[in-house]
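Taken in sequence, the protein lines are chains A and B.
With my numbering, you'll find the first sequence wraps up at 283, consecutive numbering, no jumps.
With my numbering, you'll find the second sequence wraps up at 1469, consecutive numbering, no jumps.
Treat the hints with care, as some may be off.
Cβ pair distances, simulated, as ranges [unchecked claim]:
1) B:R1378 / A:D39: 46 to 56 Å
2) A:I191 / B:G1400: 28 to 38 Å
3) A:Y161 / B:T1410: 37 to 47 Å
4) B:T1410 / A:S135: 37 to 47 Å
5) B:P1015 / A:D39: 33 to 43 Å
6) A:G233 / B:A1374: 28 to 38 Å
7) A:H94 / B:E1349: 37 to 47 Å
8) A:V236 / B:D1427: 30 to 40 Å
9) B:A1374 / A:I191: 43 to 53 Å
10) A:K201 / B:N1242: 19 to 29 Å
11) A:K151 / B:T1410: 31 to 41 Å
12) A:N11 / B:I1423: 29 to 39 Å
13) A:G124 / B:G1400: 24 to 34 Å
With a straight-line Cα cutoff of 27 Å, these simulated DSSO-like cross-link-like pairs (lysine-lysine) come out [what the hints assert, rightly or not]:
14) A:K26 / B:K1164
15) B:K1412 / A:K29
16) B:K1352 / A:K194
17) B:K1412 / A:K26
18) B:K1408 / A:K26
19) B:K1045 / B:K1007
20) A:K99 / A:K172
Everything labelled a hint here was simulated from the structure, so no lab data went into it.
Quick reminder that beta carbons are idealized off the backbone N, C-alpha and C, glycines included.
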Amino acid sequence: MYKIVSKKPLNATVTQMEIDAPLVAKKAKPGQFVILRVDEEGERIPLTVAGTNPEKGTVKIIFQIVGATTERLNHKNEGEFLQDFVGPLGVATHTEGIKKVCIVGGGVGCAIAMPVAQEFHRLGADVTSIIGFRSKDIVILEEEFNECSNKMVLMCDDGSYGRQGNVTLPLKEMLEAGEKFDQIITIGPLIMMKFVVETAKPFNIPVSVSMNPIMIDGTGMCGCCRLTLHQDGKNVTKFACVDGPDFNGYEVDFDEAMSRNRMYMDFERHAYEETCNLFKGVE
Amino acid sequence: MAIIPNKHEMPVQDPKVRAHNFNEVALGYTAEIAIEEANRCLNCKNRPCVAGCPVNIHIPEFIAQVKEGNFEEAYKIINQNSSLPAVCGRVCPQESQCEKVCTVGIRFEPVGIGRLERFVADYHNDNSKELAEIPESNGHKVAIVGSGPSGLTCAGDLAKKGYKVTVYEALHTAGGVLVYGIPEFRLPKKIVAKEVETLKQLGVDIETNVVIGRTLTIDELFDMGFEAVFVGSGAGLPNFMNIPGESLKGVYSANEFLTRSNLMKSYLDDPVTPIMKGGKVAVVGGGNVAMDAARTALRLGAEKVYIVYRRSLEELPARKEEVEHAMEEGIEFLLLHNPLEILGYNNEEDPKDPKNGFVKGMKCIKMELGEPDASGRRRPVPIEGSEFEIAVDTVIMSIGTSPNPLIKDTTKGLEVNSHGGIIVNEDGLTSRENVYAGGDAVTGAATVISAMGAGKLAAKSIDEYLSKR
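Can you build the whole structure from these sequences, using the hints too?
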């Protein structure tokens, strides 16, 4: 069992928790993820590590309440326990040789982008962060990004805060103005990452994308998290859990990934409603 | 006394009934049938069955005790060589091992050794209140990677000799393929749990949620004071055919389909982990895993299940009993058929049609058998112009696995072969000092019992090495 050491809401649907998991805390690097189960008989869900404290033995996770399991997770309180917590899984974000980086985060993806930005900052790289949200009320981690970025742009789709528009707008401007990033790293909704790749393409700047397919075991056994990369004119199957979650954005088949992520949409919606009703009954 | 020519039938659930439930298919011998079957054993001098068993169970001796009704004594004899008798009695391919060489089998059907083993183990589990005797500690620490059949066997053998054994398991439940792969109707999970419990009573520590190669490395295990490590990490990532359409929604690897149903219990009425139920299902492949996937799909409510296999019935690698069970349950075998493409639903007029991107069929080609290939089996050759389509909603690829790269990539000096399998010598020792390996991580996908044999061999080698220290 893994104790919830602290819990803090970041906005109405996004929560941060620190979990007591010393082995994971010692090892986890930015870009890696964990798989957890809230309770016995619960489903396994992957969540990217949002930070660690190796001395305290804790791992920070940030999650958006999007379905039955995250709803259940959000009903757990400080001092309570999670059934299972395994990691760190996946390959850490590649940082070697990158001196100037642009981090593009979207929505709750910013929670995963944040430790990556912090890591580059710690390594002495020049960090530009572009973070985007739907509206002001769901902005998270603004301060954290400010602290670790040489330049930071905050976008809101509806113009309620920061600059109006989506993340590709300032990215395009920067690239057109001649900014030469060694690497763009984008983490967020698939559709956003797809457009970040398209924006960067004419400028020939490498883009790394963080994929979040459906997973079961997360350790390289079931093959559920497979995605297709287009490499040298060939289709190559890769597994996000052991080969990723970071991939070359120019190679990823986003349309297929988006389609696969919607496979259980009906089931998920139904399960979410059931769970919400269950908790309503309790309260 | 004349020998009864045939094995006593195994009582089974009616195929029509069992096709709709996940209860165990084979119901097991009663004490009376077991004694009668045991009486078929000649207790012959040359005991070929013992050599035919990968873990060399003293078969005639345990059967002799069954004849006398001393079932607990019989259990003790089996347990000297096998840590998982209730599992082996169910999933071992006895027909190609102990029973294949049985002396009675020369003229008649061989003695039902597997069925007797299962009976004895179940009798013990149901009746014995005795706790396993905890052996005196010898002060040596051994780490085991993976709690599947090879790891549990290695752990059991070492624990019985007084070693302090810790088993690391990546998933949340111990048992490896016995819990995520083999379905409830063939191997009830409570039986696996019971065998694991017995090991714990022997003093074995089982640490779930630890991925060796990620959470801890092999080198760190040595730093932690373990003197030897056994790697039984299993088969690894599923293979696909690399044909068009394998990423459509509704295409599963057998590993994923079975893991969802078995480990995550998607077969329950109101599961937390989803799985596609019902419709028409094609399982590609002919091994035991393919049979398990097909029969699971049927029990999940499929209206039609096909096994699509490119060779003929003779080459089908699955156990005969499993194939027979599958056929009885109504699974249709498309033998000498090979998939060319999986076809997806695509409503061009409505890109938002929720069915878009889901499987709607599979294009196959008929095959004929040509000259024998490297495996000695006749090579299947496509018959030109014989392409046709079958309508299916789910396709399950069950065509083997490739080794998981995690341990190889994080363990310096650990040599693997061209397929990625860990290379071991005749003692089960890898190219790294004090690191042993066995099971599918070494051989690629194989049987539970061969993995157990490898775990046993490694335990013996580890003991020989550490007891000299």
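Right, here's what the structure says about each hint:
At about 52 Å, the CB distance of R1378 (chain B) to D39 (chain A) agrees with the hint of 46 to 56 Å. Between I191 (chain A) and G1400 (chain B) the C-beta distance comes to about 35 Å, which sits within the given range of 28 to 38 Å. Look at Y161 (chain A) against T1410 (chain B): about 44 Å separates their beta carbons, and that is inside 37 to 47 Å. Evaluation of the 37 to 47 Å hint for T1410 (chain B) and S135 (chain A) yields a pass: the beta carbon distance comes to about 44 Å.
With their beta carbons about 37 Å apart, P1015 (chain B) and D39 (chain A) fall inside the hinted range of 33 to 43 Å. Between G233 (chain A) and A1374 (chain B) the Cβ separation comes to about 30 Å, which falls inside the hinted range of 28 to 38 Å. In this structure, H94 (chain A) and E1349 (chain B) meet the distance hint of 37 to 47 Å, their C-beta atoms being roughly 43 Å apart. At about 38 Å, the beta-carbon gap between V236 (chain A) and D1427 (chain B) stays in the expected band of 30 to 40 Å.
A hinted range of 43 to 53 Å for the beta carbons of A1374 (chain B) and I191 (chain A) is consistent with their spacing of about 47 Å. Evaluation of the 19 to 29 Å hint for K201 (chain A) and N1242 (chain B) yields a pass: the beta carbon distance comes to about 27 Å. Judged by the Cβ atoms, the range 31 to 41 Å given for K151 (chain A) and T1410 (chain B) holds: they are separated by roughly 37 Å. Hint check: N11 (chain A) to I1423 (chain B), Cβ distance near 53 Å, so the stated range 29 to 39 Å is violated.
For the pair G124 (chain A) and G1400 (chain B), the beta carbons lie near 47 Å from each other, so the given range of 24 to 34 Å is not met. Pair hint K26 (chain A) plus K1164 (chain B) holds up; C-alpha atoms about 25 Å apart against a cutoff of 27 Å. The hinted pair formed by K1412 (chain B) and K29 (chain A) meets the criterion: a straight-line CA distance of about 21 Å does not exceed 27 Å. Simply put, K1352 (chain B) and K194 (chain A) have alpha-carbon atoms about 19 Å apart, close enough for the 27 Å limit, and the pair holds.
Only pairs whose Cα atoms come within 27 Å are accepted, and K1412 (chain B) paired with K26 (chain A) is accepted, the gap being roughly 21 Å. Pair hint K1408 (chain B) plus K26 (chain A) holds up; C-alpha atoms about 21 Å apart against a cutoff of 27 Å. Annotation: proposed proximity of K1045 (chain B) to K1007 (chain B) holds, straight-line Cα distance about 21 Å (limit 27 Å). Taken as a hint, the K99 (chain A) and K172 (chain A) pair is honoured in the structure, with Cα atoms around 20 Å apart against an allowance of 27 Å.
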